[in-house]
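Please construct the entire structure, taking both the sequences and the accompanying hints into account.
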Amino acid sequence: MQYLLMIYQNEVEYAKNDAATSQKMLAEYQAFTQGIVQSGNFKAGDRLQPTTTATTVRVRDGKTLTTDGPFAETREQLGGYYLVEAKDLNAAIEIAARIPSARIGSIEVRPIWVYDK
Amino acid sequence: MNPGEIDNIFRDEAGRALATLIRLVGDFDLAEDALQDAFAVALERWTVCELPDNPRAWLVNVARHKAIDRIRRQTVFRGKEQQLVHELELNAQAVDEPPAMLDDDMLRLIFTCCHPAFSPEVQVALTLRTICGLSTAQVARAFLVSEEAMAQRLVRAKQKIRLAGIPYEVPERDALAPRLDGVLAVVYLVFTEGYVATSGADLMRLDLAAEAIRLGRLLDRLMPGRAGIKGLLALMLLHDARRAGRANSAGDIVLLEEQDRTLWDRAQIEDGLRLVDDALRTPGRPQAYAVQAAIAALHARAPSFEETDWPQIAGLYEVLLRINPSPVIELNHAAAVSMVDGPARALDLVDAITARGGLNGYELLPAVRADLLRRLGRTQDAREAYVAATKATQLEPLRRLYARRMREMD
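If you're matching them up, the sequences are chains X and A in order. If you're matching positions, the first sequence starts at -2 in our numbering and goes up one per residue. If you're matching positions, the second sequence starts at 12 in our numbering and goes up one per residue.
By construction, these hints were calculated from the structure, which means they are not laboratory data. Only a predicted model underlies this, so the values are computations on that prediction, with no experimental measurement involved. Glycine included, every Cβ here is placed at the ideal spot set by N, Cα and C. Misleading hints may appear alongside valid ones.
Stated by the list, open to error - Heads up, simulated DSS-like pairs for lysine-lysine below, C-alpha to C-alpha not over 25 Å straight-line: (1) X:Lys60 to X:Lys84; (2) X:Lys13 to A:Lys169; (3) A:Lys169 to X:Lys84; (4) X:Lys40 to X:Lys84.
As the list claims (entries may be wrong) - Here are the simulated distance ranges between beta carbons: (5) X:Tyr112 to A:Pro109: 38 to 44 Å; (6) A:Ser157 to X:Gly32: 45 to 51 Å; (7) X:Arg44 to A:Asp185: 30 to 36 Å; (8) X:Tyr0 to A:Glu132: 35 to 41 Å; (9) X:Lys21 to A:Gly211: 49 to 55 Å; (10) X:Tyr112 to A:Leu54: 37 to 43 Å; (11) X:Gly42 to A:Ala160: 34 to 40 Å; (12) X:Tyr5 to A:Gly211: 37 to 43 Å; (13) X:Ala69 to A:Pro14: 46 to 52 Å; (14) X:Phe29 to A:Leu54: 32 to 38 Å; (15) X:Lys21 to A:Pro235: 58 to 64 Å; (16) A:Asp362 to X:Ile4: 50 to 56 Å.
As the list claims (entries may be wrong) - Looking from chain A toward chain X, a few residues come up when the C-beta cut is under 10 Å (computed): (17) His126; (18) Pro127; (19) Val133; (20) Lys171; (21) Arg173; (22) Ala175; (23) Gly176; (24) Ile177; (25) Val398; (26) Ala399.
Spelled out as structure tokens, the structure:
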């Protein structure tokens, strides 16, 4: 079996953490990730940029509609995900618009957090 | 040169200099900070020395060096930034690029600010701040929010450009038409807020209308021969040409039927009429803005309210309804029909739109109904509609207009 573990938290509160707290959290995440990599459970995982960077894509009557911000509809539930490589947001939106469910539901496009080396 | 004249140059060149700088340094914030640095140097130098031949190129050049300084000054000097400095230095000759490249920079900036991943309000705010060069305080005033709230909104938007990977480019052929529609919608939003403010003491905010016209002219120059752009520019010029007649010295609204047409700006009307003809003669599907401009042109050409070509105006609204059906246009169509077939026929149309619920919450609906009822002599119904119209608007001059109408019926 494969499972998707979805991490929900208050990003505004989290951003208020001081450097030491964030550092500690980051270290815990690294340890956890290493742990599940070693145990063979890990498939993929990433940190996401905050919801202020999100764009929601819908296709209605063959037209791609975009809205600023995250998906915020309680009548629909997360039903799957794709992790894609795209050269910019336009390319990501174009791919999102081709997902069949974009015609009936919504696709939230959110950039992956890239840590500086 | 005095600081006032230098300020005017900054105002004229800021948008275009920024557009090129963003491409060169690859970052909105860095480009903006570096341009501010360059303005400071210019303010010092131009007050004592002569103005350079090409102030924009000079500003871009100085700002580029300031950007390099800023990166160098950053405490942690990482490999990536070293590479950026290197690229910037390689771009040292870039300022002498052909004018077409620099025009493209301006279009890149316009299409980035009007990217559909931003809400319309954010698109307007980014456009006013970065392309028109308004200060954050001025943009905040346009939105009736605090400067702090607007600054926050702009910071978030620029952060989204960087983090979400919104590209700094002019859309390619397939994507261009819908994206250009989005840009025109932003320009028109700026204009309509200037033409009839949403709220406040003044009917018009001439600064915003002027900015929108400036944007329209810029787009027409950067992307020549496009009927949508020409139509929108014509529409804005023709509406704006009536500004001196639309309010009296007390700030009260003067209705179209009461306006002194000698106060209209004839030169601007001529300009608008030429553009409407250009727009309508451009091959391809008729553009909604061009048809709206054609309606404005009929008003501008009419020697008086009574001698206006109402049948043709009603016909053009029908064309518009086929291109771009919307309840607001249906309402305008009904108002034109009232001048051709009388208010009773128009009231039927308005009631039909209302019954479909298409105009729920549209603040001018009760005002149009009130006017039709008044002309039908249904005083009591008209009075109720004027009361509803007064409640629906936040704009003081409109409230005074409705009060005047009610007094006139006594």
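Please check whether A:His126 passes as an interface residue: C-beta within 10 Å of a C-beta belonging to chain X.
Because about 8 Å separates A:His126 from the closest Cβ in chain X, which is inside the 10 Å limit, the hint holds.
Worksheet entry | Restraint satisfaction for A:Gly176 [CB to CB of chain X, less than 10 Å] | At about 5 Å, which falls below the 10 Å cut-off, the nearest Cβ of chain X leaves the hint on A:Gly176 intact, so it holds.
Check your understanding: CB of X:Phe29 to CB of A:Leu54, is that within 32 to 38 Å?
Key -> Hint violated: Cβ distance 54 Å, outside 32 to 38 Å.
- Item | Pairwise hint evaluation, X:Lys84 against A:Lys169, where the allowed Cα distance is 25 Å at most | Roughly 19 Å separates the two Cα atoms, so the pair holds.
* To do: May I ask you to test the interface hint for A:Ile177 with respect to chain X, counting a Cβ-Cβ separation under 10 Å as satisfied?
  => holds, 5 Å
Do the Cβ positions of X:Tyr0 and A:Glu132 conform to the proposed distance bound of 35 to 41 Å?
About 40 Å separates the Cβ atoms of X:Tyr0 and A:Glu132, which means 35 to 41 Å holds.
| Hey, does the A:Ala399 contact hint survive, CB to chain X under 10 Å? | At about 32 Å, which exceeds the 10 Å cut-off, the nearest Cβ of chain X leaves the hint on A:Ala399 violated.
Given A:Lys171 was flagged as interface, is its beta-carbon under 10 Å from a beta-carbon of chain X? For A:Lys171, the interface hint holds, since the closest Cβ of chain X sits about 5 Å away, which is under 10 Å.
- Item | Distance restraint hint 37 to 43 Å, applied to the beta-carbon atoms of X:Tyr5 and A:Gly211 | This hint holds: roughly 42 Å between Cβ atoms.
- So does X:Ala69 sit 46 to 52 Å from A:Pro14, Cβ to Cβ? At 48 Å between Cβs, range holds.
Look at the Cβ atoms of X:Gly42 and A:Ala160 and judge whether their distance stays inside 34 to 40 Å. Distance hint for X:Gly42, A:Ala160 holds at roughly 36 Å.
ask   = Is the hint on A:Arg173 kept, meaning its closest Cβ partner in chain X is under 10 Å away?
value = Check passed: Cβ of A:Arg173 comes within 9 Å of chain X, closer than 10 Å.
Figure legend: structure checked against the earlier numbered hints; hints not met, in rising order: 14, 25 and 26.
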